[in-house]
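Visitor: In our numbering, the protein residues as written are 1 to 191.
These are calculated hints, taken from the structure and not from any lab test. Each hint should be verified, as a subset may be incorrect.
Only pairs whose alpha carbons sit at most 30 Å apart, straight line, appear in this in silico BS3-like list of lysine-lysine [claimed, not checked]:
{"hint": "1", "residue 1": "Lys168", "residue 2": "Lys147"}
{"hint": "2", "residue 1": "Lys140", "residue 2": "Lys168"}
{"hint": "3", "residue 1": "Lys147", "residue 2": "Lys106"}
{"hint": "4", "residue 1": "Lys2", "residue 2": "Lys176"}
{"hint": "5", "residue 1": "Lys180", "residue 2": "Lys92"}
{"hint": "6", "residue 1": "Lys180", "residue 2": "Lys12"}
{"hint": "7", "residue 1": "Lys58", "residue 2": "Lys92"}
{"hint": "8", "residue 1": "Lys176", "residue 2": "Lys140"}
{"hint": "9", "residue 1": "Lys147", "residue 2": "Lys176"}
{"hint": "10", "residue 1": "Lys180", "residue 2": "Lys58"}
{"hint": "11", "residue 1": "Lys180", "residue 2": "Lys2"}
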Amino acid sequence: MKRPRIISGSFKGRHLEVMDGNNTRPTMERTRESVFNTLMTAPFAMAESGASQLLQAKVLDVFAGSGAYGFEALSRGAQFITFVENHSQAVKAIQSNIETLNVQGKVLLLNADARTLPQAQNSFDIVFMDPPYGRSLVQKALNELQKNNYVTNETLFVIETDGREEIKELHILDQKTYGKSHITYATLLEH
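Use the sequences and the hints to build the structure in full.
Guide: Here it is in structure tokens:
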């Protein structure tokens, strides 16, 4: 499997370790580049200051795999990344990437199932969700994130699916398709 690389920022060009086998599907670099271009320029991704929300953000990378979304966010100016991953080989790959990039003080790695999370210490500004396709995991993880205080009405979600999974309780800001990947940008619906 081709090792993903960080596209831009302070870690530009650095390759990431991935777990062996076919159990993860790293996001294509072009897709990730498009996602981050959107986060740096789209009106819905801007803070009140006019700068991207990504800058100095607390980011949650759920179903992290290699951690490519989270490490890319850190490379581009996010303040802190929390990875959620439960596959032991993927956890080892993320840990290796943390050590290789020397970012131990800027990340937290939760070896946990996104459907049964512990209570959060604080909420996150941006949440990346890239679950295995075809398993209807997004809604279960969203429910868990809300129940355990990981997200607020201001949290920006970036969700990658195969486009067949129905996502409820979200206010869709934008959707884009890149090959088999369907990217949804959204916030929670206000109740």
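Visitor: Taking the hints in turn, state whether each one holds.
Guide: Checked hints:
no., hint, verdict
1, Lys168 / Lys147, "15 Å, holds"
2, Lys140 / Lys168, "10 Å, holds"
3, Lys147 / Lys106, "25 Å, holds"
4, Lys2 / Lys176, "24 Å, holds"
5, Lys180 / Lys92, "27 Å, holds"
6, Lys180 / Lys12, "25 Å, holds"
7, Lys58 / Lys92, "22 Å, holds"
8, Lys176 / Lys140, "22 Å, holds"
9, Lys147 / Lys176, "28 Å, holds"
10, Lys180 / Lys58, "28 Å, holds"
11, Lys180 / Lys2, "18 Å, holds"
Comparing the model with each earlier hint shows no violations; every hint is respected.
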